[in-house]
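Asks: In case you want the letters, here they are:
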Amino acid sequence: MRFSHSFFLTVLLLSPATSYAVDDPKELLPNPQQEQEAEQIGQQLRCLVCQNESIEESSAPLARDLRKIVRQQLTQGRQKSDILAWMSHRYGNFIQLKPVFNGETALLWLMPFLALGSACALSYRLWFKRPMQARSPQDTALKKD
Amino acid sequence: MMDFFGPEEGHYALALACVLALFQGIAPFLKRQGRPSFFSPLTPGFAWAHALALLLAFMCLMLAALRDDFSVQNIAENSALAKPLFYKITGIWGNHEGSILLWIVLLGLCSACVSFIHTRHQNTLSRLKRHALGVLGLISAGFDLFCLLTSNPFARLFPMPADGMGMNPLLQDPGLAVHPPLLYAGYVGFVVPFAFAIAALIDGQLTRLWATLVRPWVLVAWALLTCGIALGSWWSYYVLGWGGYWFWDPVENASLIPWLSGTALLHSILVVEKRQSLRIWTALLALATFSFSLSGTFLVRSGILNSVHSFANDPTRGVFILTLLALVVGGALTLFAWRAPSLHDESSFTPLSRESALVLNTLFLCTLCAVVLTGTLYPPFIQLLLGHTLSVGKPFFDSTTIPLTIPLLIAMGIGPALPWLHGSLRTTCKRLYPAFLCTCAACIPAFVFLPDRMAALCAVLAVWVIYSSVLALFHQLRVATHPFRPSRKIWGMTLAHIGVGVAILGLCGMSAAHHTIVASRLGEHQSLDGLDWQLVSVTDHPGPNYDARVAELRVSRHGHPIAQLHPALRVFSHPHQTISQVAIRSFLTGDLYAVLGSTEHEGQETRYILRLHHNPLAPWIWLGGLIMAGGGLMACPFGRKRTQGTPS
Amino acid sequence: MTLTRRHILAALPLTGAAALGLGFQHILSSMRTGQFDPRAIRTSGGTVPQFPPLSPLPGLQGAIEGIECTSLTQQNKPILLNFWASWCIPCVTELPLLSALAPSLTLWGIAYKDRPERASAFLARNGQPFERVGQDKDGSAAIEWGITGVPESILILPGGHVVWHHRAALTHEVITHDLLPLLRPFL
Chain X
13 MRFSHSFFLT VLLLSPATSY AVDDPKELLP NPQQEQEAEQ IGQQLRCLVC
63 QNESIEESSA PLARDLRKIV RQQLTQGRQK SDILAWMSHR YGNFIQLKPV
113 FNGETALLWL MPFLALGSAC ALSYRLWFKR PMQARSPQDT ALKKD
Chain Y
3 MMDFFGPEEG HYALALACVL ALFQGIAPFL KRQGRPSFFS PLTPGFAWAH
53 ALALLLAFMC LMLAALRDDF SVQNIAENSA LAKPLFYKIT GIWGNHEGSI
103 LLWIVLLGLC SACVSFIHTR HQNTLSRLKR HALGVLGLIS AGFDLFCLLT
153 SNPFARLFPM PADGMGMNPL LQDPGLAVHP PLLYAGYVGF VVPFAFAIAA
203 LIDGQLTRLW ATLVRPWVLV AWALLTCGIA LGSWWSYYVL GWGGYWFWDP
253 VENASLIPWL SGTALLHSIL VVEKRQSLRI WTALLALATF SFSLSGTFLV
303 RSGILNSVHS FANDPTRGVF ILTLLALVVG GALTLFAWRA PSLHDESSFT
353 PLSRESALVL NTLFLCTLCA VVLTGTLYPP FIQLLLGHTL SVGKPFFDST
403 TIPLTIPLLI AMGIGPALPW LHGSLRTTCK RLYPAFLCTC AACIPAFVFL
453 PDRMAALCAV LAVWVIYSSV LALFHQLRVA THPFRPSRKI WGMTLAHIGV
503 GVAILGLCGM SAAHHTIVAS RLGEHQSLDG LDWQLVSVTD HPGPNYDARV
553 AELRVSRHGH PIAQLHPALR VFSHPHQTIS QVAIRSFLTG DLYAVLGSTE
603 HEGQETRYIL RLHHNPLAPW IWLGGLIMAG GGLMACPFGR KRTQGTPS
Chain B
689 MTLTRRHILA ALPLTGAAAL GLGFQHILSS MRTGQFDPRA IRTSGGTVPQ
739 FPPLSPLPGL QGAIEGIECT SLTQQNKPIL LNFWASWCIP CVTELPLLSA
789 LAPSLTLWGI AYKDRPERAS AFLARNGQPF ERVGQDKDGS AAIEWGITGV
839 PESILILPGG HVVWHHRAAL THEVITHDLL PLLRPFL
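Protein chains in written order, with the working numbering: chain X, 13 to 157; chain Y, 3 to 650; chain B, 689 to 875.
Treat the hints as calculated values from the structure; they're not laboratory data. This one's a predicted model, so the numbers in the text were calculated from it and none came from an experiment. Among the hints, a few may not be true.
[Claimed, not checked] With a Cα cut of at most 25 Å, we get these calculated PhoX-like pairs of lysine-lysine:
1. B/K825 <-> X/K80
2. Y/K491 <-> Y/K432
3. X/K38 <-> B/K825
Please model the complete structure; the sequences and the hints are all you need to start from.
Replies: So this is what it looks like as structure tokens:
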């Protein structure tokens with residue numbers, strides 16, 4: 013399994029090559045509603061072998077095992093948050109494609125607000141609330157021409 | 003003949019290009035007794051010679067690929083005797099060394115085009131052009147050197163192998179043949195606004211004339227980048243075979259970030275052109291856009307970002323890249339920090355005006371850009387600072403970027419209806435009110451057909467953008483005397499905005515996509531989304547460098563056949579790999595998408611695994627991208643005497 | 689030229705870019721020394737997880753007992769738990785290093801998704817450093833341990849404390865720099 017290094021020496025290699033994610037209909041849950049929920053959960057979990065895919069998209073055997081576990085636990089009536097917690101407990105925060113909000117990820121989650129807030133404040137100061145006398149003499153000279 | 007233009011000539015041409023680029027970079031800045039030196043007027047010549055030398059090098063590599071010269075390491079590693087001719091050519095940029103060569107060739111061509119700009123002996127403009135050419139030369143020199151020293155496509159291999167190792171079959175695809183050149187052209191195209199922004203900062207003059215000169219370049223680069231991104235996303239949609247089209251992978255983000263800041267630049271430069279305001283901001287965006295495209299393309303190759311698309315990693319390369327980036331980006335931003343404070347904006351804005359709408363638009367685009375940038379860089383930096391590993395993936399980006407696009411879409415509808423300088427609330431409302439009514443009407447189908455609330459809201463807003471753009475166009479047409487001449491910019495803008503709307507409708511439609519996986523016998527019927535899918539036959543066909551197993555699917559609705567699909571499995575022998583060939587039949591209402599999987603044997607019975615997708619409105623995503631790019635090109639003032647703007 | 693607020697604002701992009709650049713420089717240099725792996729997965733240690741008891745490999749010299757939770761937590765010496773498989777190429781290169789460690793450290797092995805006869809033959813051919821070997825045929829125990837592939841090694845201190853999880857083949861450097869310092873109190 014640990015062939016990533018030589019594996020990735022190949023240029024521009026894209027991981028799904030031979031088989032595709034869920035290529036066995038027996039894997040799917042008979043109840044379509046539950047299956048959809050399982051897919052949604054699977055899309056939140058990162059494949060640990062091919063890394064930048066969710067386990068739903070990955071063809072790696074480990075991803076298949078994890079998909080199976082997600083479906084098993086769903087049929088046992090467990091909730092999405094429980095399943096995500098179960099996975100994080102074993103594989104760490106790394107497995108969650110949507111990081112949980114905590115001190116470590118605060119900056120990440122607050123970035124939209126920070127960026128928008130500072131951009132609005134700055135633009136307001138710079139372009140909307142500028143007293144006329146604050147213009148540079150050059151500009152006034154230009155205006156006169 | 004066999005001996006002409008071999009790899010050695012190519013190698014030589016590359017080295018020559020390096021020197022010429024250095025001349026091009028130094029000549030304009032040489033001064034003698036305060037006046038430009040004798041070499042200064044030669045700069046355009048150096049730019050031309052540089053581009054020619056690079057083209058020669060590129061041609062040599064192409065010839066080596068065509069001649070199956072496996073003594074060249076790059077060819078031996080990425081080509082094979084059995085590879086079809088078309089992929090021998092396009093395979094040149096399917097690997098690290100070749101793509102870098104393509105990158106610098108495009109950069110050289112950009113310089114050559116800039117040297118074409120006719121400045122009509124205007125003193126400021128010709129100095130601006132000379133300095134821009136100099137900056138382009140310096141950047142080219144750096145990257146030519148990078149290519150020559152760390153990623154030499156002409157490196158030899160001894161002993162020469164009898165056959166090459168072949169190319170990844172996934173890359174043997176027409177979509178991927180065109181995608182990198184377009185994307186790189188987009189990335190590289192932003193070097194021109196960058197160089198002109200630096201030239202303007204050196205002079206301390208960022209005028210209306212500057213904006214008129216630079217805007218077409220921004221438009222062309224933006225249109226190419228849009229095309230490149232759309233094509234890349236389409237490629238992953240039909241090649242990777244799980245119906246996905248955007249994965250928020252670092253490589254994809256690396257192209258999206260410059261696209262976002264480039265879009266912001268596209269809008270803010272209009273304000274410079276019209277009002278001579280927003281100058282510092284525009285200069286910063288011009289610097290940032292190219293810096294982002296540069297950092298994106300190259301950091302992906304240094305192996306820092308953890309991506310699906312992995313290039314060969316080489317730490318020495320990484321260090322070289324970082325040094326170059328520090329010089330280019332650091333130099334530019336230092337110049338900005340030094341000179342930008344002396345640029346003053348002429349006037350302040352009223353809240354209800356076109357320029358305010360444009361400011362608002364750039365704000366949202368830059369926020370989006372900041373979010374994507376943070377998300378992409380967060381994992382490596384957290385690992386560096388705290389030692390923890392975490393993931394930032396599609397669910398994060400979806401939940402942060404989609405809410406940010408909503409106000410952007412609202413503003414996109416209102417902006418074109420506002421006049422410059424000062425607008426009145428009443429006229430604006432009066433003008434937008436038909437679009438508002440149509441949008442309200444669109445709510446019903448959107449919320450009925452789209453199960454996801456957010457997607458439905460976005461779809462409604464996309465309709466809003468389309469209607470109000472069309473409305474703005476009608477208004478302009480009524481005002482304008484001639485339907486084409488005065489409003490070419492308006493035509494382009496309308497088209498681009500409609501493209502955004504169409505693409506967003508496509509994305510929303512995809513949220514209602516359905517798929518199923520079945521193990522089907524021959525002749526068996528499956529149903530998905532009210533459609534009947536029948537597996538008619540499975541046959542074997544030999545191909546040029548693979549063997550294919552092709553299935554035939556008949557899709558019908560209420561007994562009427564609507565499509566035939568032929569998904570296939572291709573078994574490549576060199577390298578040994580099985581690739582699934584997705585079958586897609588596109589309608590205006592959506593795509594039928596089928597993938598053939600493995601074969602199951604149960605006693606006498608054979609079952610074929612099929613993955614069937616119904617993707618409503620899927621083609622609209624790429625159609626929208628094309629419309630956007632078309633709008634960008636249309637807004638481009640080609641063939642006008644654009645440098646003769648009258649400075650009022 | 690006086691330093692105004694405008695100057696500070698204009699210098700912000702440079703500062704940001706410089707910070708990012710320094711970060712990248714640090715990452716690149718750590719990547720070269722092997723301290724930074726962009727593909728790394730780190731989990732916080734904790735205790736031995738609950739996993740189904742693993743039966744021993746048949747026909748193996750020395751290791752006749754399987755592995756289960758209780759026996760792992762009740763040990764009074766550190767244990768290096770190694771997940772391996774006969775189909776895994778890096779495992780072959782790792783075995784000699786494990787054999788060299790075996791006299792000073794108790795090694796327990798888990799054959800991951802492997803056929804018993806192949807696993808036994810693999811150890812018979814390449815050396816058998818393990819005190820106990822368990823079979824994880826369907827990989828379910830590996831998931832409890834948070835294994836992403838083979839080989840992976842986990843150090844468990846007395847009391848069942850998981851202190852170290854290495855997600856790649858062991859190398860000489862890893863053993864001397866990472867593993868041995870953790871073992872020092874017990875040697």
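Asks: Of all the hints numbered above, which does this structure not satisfy? Sort the numbers upward.
Replies: Those not satisfied: there are none.
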